[in-house]
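Using the hints provided, position chain B relative to the given structure of chain A.
Residue numbers (the working numbering), protein chains in the order written: chain A, 1 to 482; chain B, 483 to 912.
To be clear, the hints were calculated from the coordinates, so they are not data collected in a lab. All values derive from a computational prediction rather than experimental measurement. Don't take each hint at face value.
Stated by the list, open to error - FRET-style restraints, in silico, Cβ to Cβ: (1) ILE697(B) - ALA194(A): 50 to 58 angstroms; (2) ASP769(B) - GLY459(A): 56 to 64 angstroms; (3) ILE697(B) - THR75(A): 57 to 65 angstroms; (4) ASP773(B) - GLU425(A): 34 to 42 angstroms; (5) GLN108(A) - GLY582(B): 54 to 62 angstroms; (6) ILE11(A) - GLY494(B): 29 to 37 angstroms; (7) ASP769(B) - GLN108(A): 26 to 34 angstroms; (8) ALA194(A) - GLY582(B): 44 to 52 angstroms.
Claimed, not checked - Sample of chain A residues lacking proximity to chain B, with all beta carbon distances greater than 12 angstroms (derived): (9) PRO41; (10) LEU240; (11) VAL250; (12) PRO305.
Unchecked claim - Short derived list, chain A residues pointing at chain B, Cβ under 8 angstroms: (13) ASN2; (14) LEU16; (15) ILE20.
Using N, Cα and C, we set each Cβ at its ideal position, and we do this for glycine too.
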Amino acid sequence: MNTPIRRLAFILLAVLGLIILDLTYLQVIAGPRYRDDLRNPRVAADRSSTERGPIVTREGIVLAESTPDEDSAQTFTRSYPEGALYAHAVGYTTLLFGSAGLERSYAQDLSSDSDLTISGVIDALLGREQGAEGIRLTFSHPVQETARQALAGQTGAVVAIEPSTGEVLALYSSPSYDPSVLLGESAAGGDGLAVDPLTPLRDRTIDQILAPGSVFKVITAAAALEGGLANPDTLYDDPLELALPGSTAVIRNADRGTCGDGTRVDLATAFRRSCNTVFGQIGIDTGAETIAAVAEAFGFNDEIPFDLPVLASSFPGESLAGDPAATAQSAIGQRDVQATPLQMALVAAVVANDGVLMRPYVVSERFDRDLNILAQSDPLELRRAISPGTAAALSDMMQDVVESGTGRAAQIADAVVGGKTGTAEIPGSDPHAWFVGFAQVEDRTVAVAVVVENGGDAGDEATGGAVAAPIARAVMEAWLRS
Amino acid sequence: MSRNAEAALLAGAAVLAALGISIVRVAGGESPDAQTALTFLVVALAFGSLHLAFRQWAANASPYLLPLTALLTAVGLVEIFRLDPSAAGLQRWWLLIAAGLGVATLAVLGSSGTDLLVRYRYLFLTAAVVSFMLPLLPSAWALGGVEVNGSRLWLQLRLFDTTLVRFQPGEIGKLFLVIFLASYLASRHAALTSMTRKLGKLSMPEPRQLFPLAIAWAVSLVILVYQRDLGASLLLLAVFAAMLYAATGRAIYPLAGGGLFLAGAVVAGTAFDHVQRRYDAWLRPWDDFADTGYQIGQSLFALGSGSLTGSGLGLGRPDFIPSATTDFLFAAVAEETGLAGSLAVVAAYALLVAVGFGIALRARDPYRKLLAAGLTAAIAIQTILIIGGVIRLLPLTGITLPFMSYGGSALVANMVAVVVLARISHEVAS
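Chain A with its partners taken away, still in its complex shape:
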């Protein structure tokens, strides 16, 4: 029986040989792929314990920093001194929950583990300063803090932008969370955050699209003006309700009344009073494709280039074409239109910047350990979204809204303020209260978008003018006075 035993031995040893080949493949050839896989917790462990550069606001307030551990010279602990205030934008680098926000998108710049690259070795030989780079943000601490206070525990988001540069002055998403509960090896609080029905981990400024309601009328008006179909004085019919073609549905105004005296009403008045009947008609007259083209010029239907990933806002022009009823509803920001607060802030910023869309950015510079500036972000013009004439007309109409229309709660003494309110109807729930607008004092300008989901504290009484406009006023004032 030696022959079968010899064969048996050969087979079993051959399988062990196969294991050796597979091990060599897994550990050496495919090794780096597994080692660097983002799901490999060792990657996060390395990142969360090595030194990483600080993140600071425009004023130099520290938002994230690494401090050396007491018991080891090699490991560091990351901390977020401002906690929940900047949690979404700054993000986190954790052992158990991965990374998010700028900590994730700027991981390469912030990390110090460049010492094994050729240039890293050369730098070391030449005695050049090594180590983690820091990043300075465009955030203004008073604006961000005001946004937090103004939202005061309601669910929603605030975005503030400097219109002529695209600098983002504030991004606040509520409810927020304290990133420190995600740190460490036991991080007990993280699982609770992940399943919290209020989704505190979600960045509502850029990672959630909502029906914009009447703030979308800025775009509808822009489309009508751009196409030469209308000017602010153009007169429209003023019915009690707008019957939608090919449908039994009708569009009514918020107060169930007519927009003006029930005869004819001009565009500027309809805009100031946020009349759905008139804007539904303008939508039908202008056409879904024209509105979509203007919406896309503002940034819809595409990813907005930004330092953080932004969910694309949508206006489905193609599927609305040939459906005037749906187009009318979409023209007043209902039905198929959805937008991020960042996108809506950019709409206001374009109006305040004579029609030019600037690339939004939040990282203004990278600096080394000695605070020498390594790189600076320059304002970048993405494109002209609308003509200067259209921008001027929209600006005037938006100023009327704040002066004597639905947005009077946004008035700031001695400042030029324009805006548009929105109260987006949500089936089965209280409406979202919106405000987009801008404010200017001398050479200081700011554009904002505010959304308070499901009415906030006001519940079903909520309107954009009553709930969102005061928040926008406080945030804009914080920048103008800072």
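Here is chain B on its own, set in the frame of chain A:
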């Protein structure tokens, strides 16, 4: 190579264990402490007494068996200590118990030879069947079965609501089954080889010759169905098929065994959720990484992170791997010692397997040939199944890595197997 060289190599294994424990302490930012001395003493005592027993009762035994076993045990002990020092403390006790039982086995075989085992072969068959069935005892009993991770392989002794000891009787049962099969097949291999019966176009042996084999096959199915464990069942059937093949030289036995097992495995996959999850984890680990693929994924990350030379003992993160001290101990070793260490471990197993089959080939009678081949095949197949599972060559079966994984039953059973192998080689050489 002489017994003196064996003694020197065993001392080397004890020093290796002590160095490993010290390195783990230093890597953790501490100083070497009593654990180093304790581990050195336990390894030296366990293998020293086995060595002396060899000199007494197996003086002509192969000198390679014990050093290879000691090397694997020492590496396992160090890695267990690195992952869970308290588990390593328990494992040290198990090592002493295993060595004690090894010495006792050798003493018994020393006076009467391995022929003794032939005389009691049906006792071994009974003991094997009972061992496999013990975990099915009601859990409520003081001595009762326990279900762990969906499989019911464990027996625990409880007094006053505290668990005193847990044991996998199947590990010892496997050893008993090999002993039974070796003597049974040695006496009947002529009958099993002659295909006298015709079943249509197929020839087969007399059915009554196959009866005890049917019992062994039934046992492996019972494990699969009632204890719901793919690994133990597969191991048993594979060893069974290997021994039948060695005895008869007829490939039909392993092929039929494999076919039957595959059929059983497919049925188990559809019937038992936890078996289905193992298949999913094996074939599509990345599809559902957060759930079914998590274990094997962490294992592959550990292997890849280890790369060529490893992170260094105590400097990797094998604590990310689930069940690192048991099912995935090999992945932990591979992460911290790299390909260099993992290949060394596989090479040590391959050498042990080669030595074992060498003993089988040199044995002059069928019984000793089959016993040596069976014991060696059991160690080889168990090693292949678990390392293959850890590196995703095979579905993960959750059995222990011989000599290295944390667990007393496996260490005891495998140590006794090595001692029996040694005694056979002594009898062959004498």
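Would you list, in rising numerical order, the hints stated earlier that this structure does not obey? 2 and 9
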